[in-house]
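J.: Dock chain B against chain A, hints included.
So the sequences go chain by chain: A and B. Going by my numbering, the first sequence wraps up at 427, each residue one higher than the last. Going by my numbering, the second sequence wraps up at 427, each residue one higher than the last.
Hints are supplied without guarantee of correctness; some may be wrong.
As the list makes no split between identical chains, a pair holds if one copy fits it or if it spans any two.
Said to hold, decoys possible - Quick list of in silico lysine to any residue cross-link-like pairs, SDA-like style, CA-CA up to 20 Å:
#, residue 1, residue 2
1, Lys221, Asp81
2, Lys164, Ile139
3, Lys19, Tyr226
4, Lys73, Pro87
5, Lys397, Leu86
6, Lys414, Gly388
7, Lys164, Gly141
8, Lys253, Asn57
9, Lys225, Glu14
10, Lys221, Glu18
11, Lys180, Cys30
12, Lys164, Thr23
13, Lys190, Tyr162
14, Lys52, Arg37
15, Lys19, Lys283
16, Lys339, Phe172
17, Lys44, Leu370
18, Lys247, Ser108
19, Lys19, Ala189
20, Lys397, Phe375
21, Lys285, Gly227
22, Lys45, Thr27
23, Lys54, Tyr85
24, Lys414, Glu361
25, Lys38, Arg289
No wet-lab data here; the hints were simulated from the structure. Only a predicted model underlies this, so the values are computations on that prediction, with no experimental measurement involved.
Here are the chains, one letter per residue:
2 protein chains.
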Amino acid sequence: MEIEDPLEKLSLTPYMTDLCQSSSAIRKMDAIAKKMAEKYGKDKIHNFSIGNPRVEPPETYNKIMMEVLQDKSFYLPHGYAPNTGDDEGRKAIAELFSKIQEVEISYKNVILAAGCAGVINIFLRTVLIVGDEVIIPSPYFLEFPYYVSNFYGKSVFCETFFEEKWQINKERLEKCFTAKTRVIIINSPQNPTGIIYSEDTIKMISELCQKYSNKYGRPIWILSDDVYCRVLRPNKKHHQIFKFYKFSVICYSLSKDLSLPGERIGALIMNPKIKLCERNIHAISMSNEFLAIYPPNRLHMRALPKLLKFTSNIELYNKSQEIVENTLKKLNIEFIPPEGAIYIFPKIPDEIDEMEFCELMVENFIVVVPGSAFGKTGFYRLSFCNKPEDIQKGMEQFEISYPKVIEELRKRKKNNI
Amino acid sequence: MEIEDPLEKLSLTPYMTDLCQSSSAIRKMDAIAKKMAEKYGKDKIHNFSIGNPRVEPPETYNKIMMEVLQDKSFYLPHGYAPNTGDDEGRKAIAELFSKIQEVEISYKNVILAAGCAGVINIFLRTVLIVGDEVIIPSPYFLEFPYYVSNFYGKSVFCETFFEEKWQINKERLEKCFTAKTRVIIINSPQNPTGIIYSEDTIKMISELCQKYSNKYGRPIWILSDDVYCRVLRPNKKHHQIFKFYKFSVICYSLSKDLSLPGERIGALIMNPKIKLCERNIHAISMSNEFLAIYPPNRLHMRALPKLLKFTSNIELYNKSQEIVENTLKKLNIEFIPPEGAIYIFPKIPDEIDEMEFCELMVENFIVVVPGSAFGKTGFYRLSFCNKPEDIQKGMEQFEISYPKVIEELRKRKKNNI
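Here chain A stands alone, though its shape is the one from the complex:
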């Protein structure tokens, strides 16, 4: 295409222009997957790349929404909401997290916003100044660094290791702190590894944050992305942050445990130990307004107290994980067993190139995401958010494709291709 107008090429920021041109690993896989689907039919491709839960929302969802639609008692049922969200929804969230965190949380410490990602953005907008640093344990949820960039913050990655079961190492974390450190974002159960931070890890992070808050005279926030806090394997316990560290906030949404990611219902919960909690929530509510994330859509926000009484059939993920693990074990693939969430992050044999592996897997009908998308090469993320029967079919194909791919790549390597 010929662009006669030279101005056109300069119509975006350099940052966005670069982003448009860069082909992410995920998009590369998607493009191959699309070609494969065209050639062999969509059903042949087993897509383990997506975190879009395919276990249905609670059965009562439709009934609840119908009731809300017909409820005549609400004044201006589709009108603008307060920037903190409706009090009824805040109360429901406060009640849930009072139980989870085992501490009394007032609804005044809660703000509702459109999704967990929205909550992270309004929080960062409220605490970051240009150049502030945000520590992110790596591998990480791939959007975190973009959120930090929105407000011209700097992401500082703290590497974690397979050999250490993806727990955070104290020495390595301590090296990340500087006078500019403002936030550390933790996510547990974690995307992409599925691990839960142990109580020791949480204590250690808390102590370091306190130490460097005192040293540099400005509080360092722990932002705990707890979107998977109710998506746990049997007998696994989610960490509690509020009792260990004062300057902590939790973000949460109904995207995973109720399978409603498209409906954009999220919340931020602030540690009630903070005396200026109401002032802080008021500030974040202004970011909610001015950044135009806003409270969740009114219809779902009105339904929130009722919706929160249910979850999807989360036990299906236990079954799905079991199927995946059995196949991986059979093929001698190394992995740390996930304790929650809907992902597993297996190791690629050392001599095999990650991108070549993932590309060849797609060409053999299996779509996974290269670890580099999450800041960690040599691994891949396999999402098991599908129903067990579909996971079963996919893993049968995996069992055929994986040895073929590994053999082919070893052959290529040997022949120096």
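T.: Same frame as chain A, but now just chain B:
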């Protein structure tokens, strides 16, 4: 309240801390109104301060939503949507604006996002670098400058005048352009004045933007906030931007013409004259994802093609405006008759202080917003988004309160109180 921990006071950015402490004019009025309501009862207070439409959504709204809820044909009906929004909704918006702008618009030039304010934010995120300037005709919708601040842009205000019927003056506008100018935000029908920019005004703005784009070698965008483009008085025509200027985008939502502001359904439409339109839309869709505005909630997005076939009973606003105008005329109050939207922006007599006027009006049961909230002292915004019967009651009180307030303030002035 005693705060023992000195870190607490430093837990937000200085910008947000200041915002929390500053008491906006609107909040001041709200506080007085609340006290009055406690003392005299809520029904006694006539609140003309809010832009939350109180004319109901289209009658078919509930029926449409029920249908969408029960539609089993949609794959993952509550799952994540593409970052551009669903194609069906994009097509419906493209069709509507092809008619409004009288030019063929492809759905590929449309992106759906959560509300008009969300659309403005993702657009600014995609085109502004730190320090870039955004021209905003003043008086303005009060949130525009905050959106610009989110990305460390600078708002440059171009004053408009009652005596010039709030149209933009060429000489004054031309003085606003610099090498850093990146965007001009226009809003028509306008909040708070209700005027529509004439075709001459639109042509003039377009020519200046072209001139300075060429001069400084970077395109200057016109962002046209057309949220009220279907909320017009009889025989009034909304301006068309696409035919006059290439680097233009329109933002729109269902908040006003369908009375669904709480449901967060918005769209950005890019001028099809731009050859790199798809690249640009792709970039904005990445901002939609990374800023976490996201497409509208899936339930309403799926309903969008059906919803767009209807509007609220917008004619009620004609009646409401008539009632307001009749009262203002009777009281010899000066105003420019609104041509659209749901606001009127009358003049306060020169010798009267704006804040004293608005405060005393609230104490006399009438809540309006001081003009300074919109960047223009000496005026106030009166919203007539209520139904005519409520407007009627309110204006009866206005007719009693206004002369009392003016008399009292003139007396105070005379006695130098």
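J.: With reference to the structure, classify each hint as holding or not holding.
T.: Hints versus structure:
Taking the closest pair of Cα atoms, Lys221 and Asp81 never come within 20 Å of each other, the shortest separation being 51 Å inside a single copy and 55 Å across copies. For the identical chains of this complex, Lys164 and Ile139 are neighbours both inside a copy (10 Å) and across copies (16 Å), given an alpha-carbon limit of 20 Å. With identical chains, the CA atoms of Lys19 and Tyr226 are at most 20 Å apart between copies only, with a shortest distance of 14 Å across copies and 44 Å within one. Taking CA atoms no more than 20 Å apart as the test, Lys73 paired with Pro87 passes in both settings, with 18 Å inside one copy and 15 Å between copies.
Taking CA atoms no more than 20 Å apart as the test, Lys397 paired with Leu86 passes between copies only; the shortest distance there is 13 Å, against 39 Å inside one copy. Taking CA atoms no more than 20 Å apart as the test, Lys414 paired with Gly388 passes inside one copy only; the shortest distance there is 18 Å, against 78 Å between copies. For the homomeric pair Lys164 and Gly141, the shortest alpha-carbon distances inside one copy (6 Å) and between copies (18 Å) are both at most 20 Å. Taking CA atoms no more than 20 Å apart as the test, Lys253 paired with Asn57 passes in neither setting, with 40 Å inside one copy and 44 Å between copies.
Taking the closest pair of Cα atoms, Lys225 and Glu14 come within 20 Å of each other only across two copies (17 Å); inside a single copy the shortest separation is 57 Å, beyond that limit. Only between protomers do Lys221 and Glu18 lie at most 20 Å apart by alpha-carbon distance; the minimum there is 15 Å, versus 50 Å within a single protomer. For the identical chains of this complex, Lys180 and Cys30 are neighbours neither inside a copy (37 Å) nor across copies (36 Å), given an alpha-carbon limit of 20 Å. For a Cα distance limit of 20 Å, the shortest separation of Lys164 from Thr23 qualifies both inside one copy, at 18 Å, and across copies, at 16 Å.
For the homomeric pair Lys190 and Tyr162, the shortest alpha-carbon distances inside one copy (13 Å) and between copies (19 Å) are both at most 20 Å. Proximity of Lys52 to Arg37 under the C-alpha cut-off of 20 Å is restricted to the intra-copy arrangement: shortest distance 17 Å within a copy versus 56 Å between copies. Taking the shortest alpha-carbon separations for Lys19 and Lys283, only the inter-copy value of 14 Å comes in at or below 20 Å, while the best intra-copy value is 51 Å. Proximity of Lys339 to Phe172 under the C-alpha cut-off of 20 Å is restricted to the intra-copy arrangement: shortest distance 16 Å within a copy versus 77 Å between copies.
Taking the shortest Cα distances, Lys44 and Leu370 sit within 20 Å of each other inside one copy (14 Å), while across copies they are farther apart (66 Å). For a Cα distance limit of 20 Å, the shortest separation of Lys247 from Ser108 inside one copy, 15 Å, qualifies, whereas the shortest one across copies, 55 Å, does not. Taking CA atoms no more than 20 Å apart as the test, Lys19 paired with Ala189 passes between copies only; the shortest distance there is 17 Å, against 39 Å inside one copy. Taking identical chains as interchangeable, the C-alpha atoms of Lys397 and Phe375 lie at most 20 Å apart only when both belong to the same chain, with a minimum of 18 Å there against 60 Å between chains.
Taking the closest pair of Cα atoms, Lys285 and Gly227 come within 20 Å of each other only inside a single copy of the chain (18 Å); across copies the shortest separation is 52 Å, beyond that limit. In this homomeric assembly, Lys45 and Thr27 never come within 20 Å of each other (Cα to Cα): the closest approach is 26 Å inside a single copy and 52 Å across copies. In the homo-oligomer, the alpha carbons of Lys54 and Tyr85 lie at most 20 Å apart only across protomers (18 Å), although the nearest pairing inside one protomer, at 51 Å, exceeds that limit. Taking the shortest Cα distances, Lys414 and Glu361 sit within 20 Å of each other inside one copy (15 Å), while across copies they are farther apart (87 Å).
In this assembly of identical chains, Lys38 and Arg289 lie within 20 Å of each other by CA distance solely across copies; the values are 17 Å between and 45 Å within a copy.
In this structure, the earlier hints numbered 1, 8, 11 and 22 are contradicted, and the remaining ones agree with it.
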